[in-house]
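Colleague: Residue numbers (the working numbering), protein chains in the order written: chain L, 31 to 350; chain F, 221 to 434.
Careful: at least some of the hints might be erroneous.
Said to hold, decoys possible - Okay, derived cross-link-like pairs now, PhoX-like style, lysine-lysine, Cα gap no bigger than 25 Å in a straight line:
hint	chain 1	residue 1	chain 2	residue 2
1	F	K424	L	K162
2	L	K76	L	K214
3	L	K42	L	K76
4	F	K269	L	K162
5	F	K428	L	K162
6	L	K138	L	K36
7	L	K42	F	K269
8	L	K134	L	K162
9	L	K36	L	K94
10	L	K106	L	K217
11	L	K106	L	K76
12	L	K138	F	K428
13	L	K291	L	K210
14	L	K215	L	K134
15	L	K326	L	K291
None of these hints come from the bench; they were simulated from the model.
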Amino acid sequence: MIQFDKVTKVFKDGTEALKDISLTIPAESLVVLIGPSGCGKTTLMKMINRLEVPTSGEVYVDGKAVSSVDAVELRKTIGYVIQRIGLFPHMSIERNASLVPNLKGWTKAKTTERVYELMQMVGLDPQEYLSKYPLELSGGQQQRIGVVRALAGNPAIVLMDEPFSALDPISREQLQMEMKNIQKKLKKTIVFVTHDMDEALKIADTIVIMRNGQIEQIGTPTELIESPINQFVQDFIGIERINRKRSVGKRELQDLIPSFKRSEQSSYLTVEANILVEEAINLLENEGIESLLVKKGIEELGFVNQSTLLRAMLTKEEVS
Amino acid sequence: MQTFLDTFLSRSDLIQEAFLQHIYLSFIALAIGIGIALPLGIFVARYRKFAEPIIGVTAVFQTIPSLALFGFLVPLIGIGTMTALIALIIYALLPILRNTYTGITTIDDSIIEAGRGMGMTTGQLLRQIEFPLALPFIMAGIRTATVLTVGIATLATFVGAGGLGDVIYRGLQSYNNALVLAGALPVAILAILFDLVLKWIEKKATPKGLKTGR
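Chain F extracted, bound-state conformation (with noise of 0.2 Å):
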């Protein structure tokens, strides 16, 4: 425990910017992964037909090793941040599309007829129906992609791109369990901490009717 505290308190400079840098990485790759699987998710429950083939698709994605995702990505982008946030973006796709997928098309069929039959446009049925009913499901899937994204960016150490994956590497090679120590729990305590925010959020966002009576 004291080995682990000094080596903590001597290298914090080197943890503290791994810590900005695997947030940087994490948050980008996110925001990019939800800005794209998001509205694809609604595309395809829009036009079923390509919910198989595209789901599909991300799914093979996620049954590649991610160590192996980033082997292969290299010889195609080179190394560096970007590499490392096109491979967490693949990451965070499937459960965001998925869920998005799932939320819209599990709502009841009879609640959008009515909303069809009272003269609701398109537009209007998604963002004051489809959208709201399927929220819960989509924050469950942006936290799942979360604590999987914070995860994954430990291994962007090996493409350069930075990341508490740098200190835990250093530790592995130096024989230093500390080190390792230093570098695994906060990325730990980040996954925790992202997933609390987001459950709060999931919380805020959940329409009240909703909560009650299930």
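Next comes chain L alone, as it looks inside the complex (with noise of 0.2 Å):
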């Protein structure tokens, strides 16, 4: 859990960064920080690995104030992914990737088995890339060894710094499922910021609304979309979205045959294919399943669960 308790960030030159945030992220969930750029929210994040020092306040980790630990000791414990990818590039990806435990001291046979897992979880195959070095692999690849070195010291806390913005849209949206999928499986508490509303909307649990080193709003995806607080989160978010979300509430589950999943669910309730959106999603949050088969008739079309309904709500995907 991170707790951020009267932050506040003034620069030498006198602009006020951040104005007094308070706000807690509790464990093992995704939060994303968005806002127009100035906002505050990179300044933000970087004062839980003490890249940046509050002015007033303090920050806590597991209940611990930061200020109180060795900054090195305290930033090998959290991971830490940057927008320009920032490998080393005289280093092979084996070496980038054991950076942290090598920081740490683990042995040789740990830290090697803990690379390979994690190249393997970023779909990248050991064997043929640990002894590449970064300028052979492209950007998306290159993100995804940022993301094994970040997760390779076994930090409970991951930050993550507008980490796929400078990637082509196609290994964008491939790294946000696969980082949305890695979180769940590895149970990471993850910070990340972005200002792309469509990433944040597509990943994250809570999402922070931040402007002028302020907080707007704080909420699930749902939430604000449905409750947007003022007019610029409202604007923010996009009324076209507001819109769209509104839209294919009110559209009928067989809509949505591209997103359904064929695989075998563990827990679900089979629904008509003519419920709207909207009754199918609130079916899922007040049953406590995960997924619903989706029949016409008696043929089976296949199973949604809430996030793929979401995501179908939220984001540009084209659903036909």
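Put the two chains together into one complex, using the hints given.
Modeller: Structure below.
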């Protein structure tokens, strides 16, 4: 758990980057800090691993004030992925990925095992890639290594500073999905900074919308869309997105066939294909089950779960 | 050509001694020059506000004509090897210092930030990241300094420190062009030789990942 307690930041030139921010980020959740550039989101995030120091106030990680911990030790326990990737060009992929384990003094065997596991998780064959150098890889592959490097030391918290914004749309999309899966699988607390609302809606458990060094609204993607607190938030989310959400909500489940999953799910209810998307979401929430098997007559169309439905409602992905 | 060979052979003792002195002077001056300029370069890269004045001072030294610098030093230190070495070291400083500084400061900020964010100490950052990445620049600076030093070391003869300048000077005084050449040619060869060796080291020292893709 990460807590910000009345944090302010005034830069040397007098600009107030953060104004009295208090925020709690629960463990094992993916929190997105979003806002226009200069809103203080990156500064706020960097206070967690002490790359920025608050002018006043305090940041706590698992109840401990970060200012009381040695900065170098603190950083070894927090993964960090940056926008411009920042792989070390003179080190092989293996050395890049093993950096934090090596700093922590892990054994060779443990490090190798960990790196292999993570490489496979991000879909890069360790045999093929570990001996390569960063400049031999594409941008998307490099950032995958960036994620591996951040996770290698097995940190409970990972900070990501616009990690995918420099990538092409296809790599970005893939990495967003992979990261969300990894987060669920490894149960990490992820603090993710972005200015891309689509990205935020797609991956976030909680979104924190910031402006001019202050928090405008905190909520789940659905909450923000359904009840934006003020005009700024509404504009930032985009009126078009809100309308789209409303219109998709009124559509029937069978309209979303392309996003159905075919594989068998663990717990499910069977529903008819002509119920509304809104109803389906409520059903999933109220019954506390993972997925719905959609049937049209006797034909089984496939499975949907809450995230498939929300994604269809919230993002630009075409639903036909 | 024949006279040159004759001169070269008949004066081979003198040339050989001067040649060794020349190597000695250049080598010591470079070693000390690197010993001063490299840490200084790292220092000014770390504390950038010192960069301008310190690099500025060495640049001013560089603008003093070499003959004049030897001349300045004589009344202060007297004549001899020490005077020659000091002058040579002063000349070697700027290229090494400036290249070390440039090499470190031009490293992409994101790489340094990533290293800090991973929990590297300042020392680890310097040894594992900054130094290897700046090495090609630093080596280029050392090569420049080497060629410069080998050339300027011919002036050491004017402060009585010997070197191949002795041979050239004698040739000039006796209007013996062959002897001038017998002194100048080894200087050129020496400079090229040093440069080739350093080029080889530079190649070896360049981290593998930097050679690919750039």
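Colleague: List, from low to high, the hint numbers that the structure doesn't satisfy.
Modeller: Violated hints: 4, 6; rest satisfied.
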